[in-house]
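The residues making up each chain are set out below.
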Amino acid sequence: GENVEQHPSTLSVQEGDSAVIKCTYSDSASNYFPWYKQELGKGPQLIIDIRSNVGEKKDQRIAVTLNKTAKHFSLHITETQPEDSAVYFCAAITDTDKLIFGTGTRLQVFP
Amino acid sequence: GAGVSQSPSNKVTEKGKDVELRCDPISGHTALYWYRQSLGQGLEFLIYFQGNSAPDKSGLPSDRFSAERTGGSVSTLTIQRTQQEDSAVYLCASSLGTGRNSPLHFGNGTRLTVT
Numbered sequence: 078g079e080n081v082e083q084h085p086s087t088l089s090v091q092e093g094d095s096a097v098i099k100c101t102y103s104d105s106a107s108n109y110f111p112w113y114k115q116e117l118g119k120g121p122q123l124i125i126d127i128r129s130n131v132g133e134k135k136d137q138r139i140a141v142t143l144n145k146t147a148k149h150f151s152l153h154i155t156e157t158q159p160e161d162s163a164v165y166f167c168a169a170i171t172d173t174d175k176l177i178f179g180t181g182t183r184l185q186v187f188p
Numbered sequence: 009g010a011g012v013s014q015s016p017s018n019k020v021t022e023k024g025k026d027v028e029l030r031c032d033p034i035s036g037h038t039a040l041y042w043y044r045q046s047l048g049q050g051l052e053f054l055i056y057f058q059g060n061s062a063p064d065k066s067g068l069p070s071d072r073f074s075a076e077r078t079g080g081s082v083s084t085l086t087i088q089r090t091q092q093e094d095s096a097v098y099l100c101a102s103s104l105g106t107g108r109n110s111p112l113h114f115g116n117g118t119r120l121t122v123t
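Protein chains in written order, with the working numbering: chain A, 78 to 188; chain B, 9 to 123.
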């Protein structure tokens with residue numbers, strides 16, 4: 078079945094710097110890759126997603142890239158702000174429509 | 009509008025007791041998922057309901073875990089004879105269609121502590 082690995086587990090950046098989180102997946106048939114943000118005490122929320130027919134997608138300060146050949150996808154946050162501090166999860170969908178999540182990255186943005 | 013509602017928000021139980029966790033999905037959402045999040049860990053898939061299809065139970069960790077979804081709406085996750093390793097946050101999510109064409113909307117979870 079699908080396996081998703083995520084790195085790093087923790088990431089600390091200065092406000093205004095960029096942050097990059099990387100994920101790999103195992104099932105070459107996966108074709109949908111969402112990213113979720115989880116704030117303390119809350120459930121995760123979708124922030125951006127990408128489908129396998131595109132290599133990059135951008136939404137303001139957030140971008141996601143996908144390399145299907147290498148089975149890698151990454152989240153890029155530019156001009157980080159303290160409110161970006163949270164746990165971020167990548168995910169990949171299986172052929173039976175289950176979302177399999179990575180282990181999460183705790184991002185801390187210091188003012 | 010109302011989001012996904014989970015109850016209770018916190019549950020403390022003694023080892024060996026049974027617990028029931030409830031999820032009220034967003035009205036009209038056909039898909040419902042349960043995930044488990046252990047302290048500092050990722051989201052572990054447990055079970056997936058889609059419409060009237062047979063649920064995908066492939067993530068349930070043991071036969072002590074079961075879930076049902078009545079009338080295509082409310083879902084209950086039951087853990088029998090709880091063990092300390094069952095302590096975690098149990099998250100429910102619903103989506104309008106399948107996970108690949110509509111986002112999952114998560115509740116805030118039930119924090120289960122087994123003493």
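Since the hints were derived computationally from the structure, they do not count as laboratory data. Every value quoted in this text rests on a predicted model; they were computed, and no experiment measured them. Quick reminder that beta carbons are idealized off the backbone N, C-alpha and C, glycines included. Treat the hints with care, as some may be off.
What the hints assert, rightly or not - Short, incomplete list of chain B residues facing chain A, as computed with Cβ under 8 angstroms:
(1) 30
(2) 49
(3) 58
(4) 64
(5) 73
(6) 82
(7) 107
(8) 111
(9) 114
Which hint numbers doesn't this structure obey? Failing hints, ascending: 1, 5, 6.
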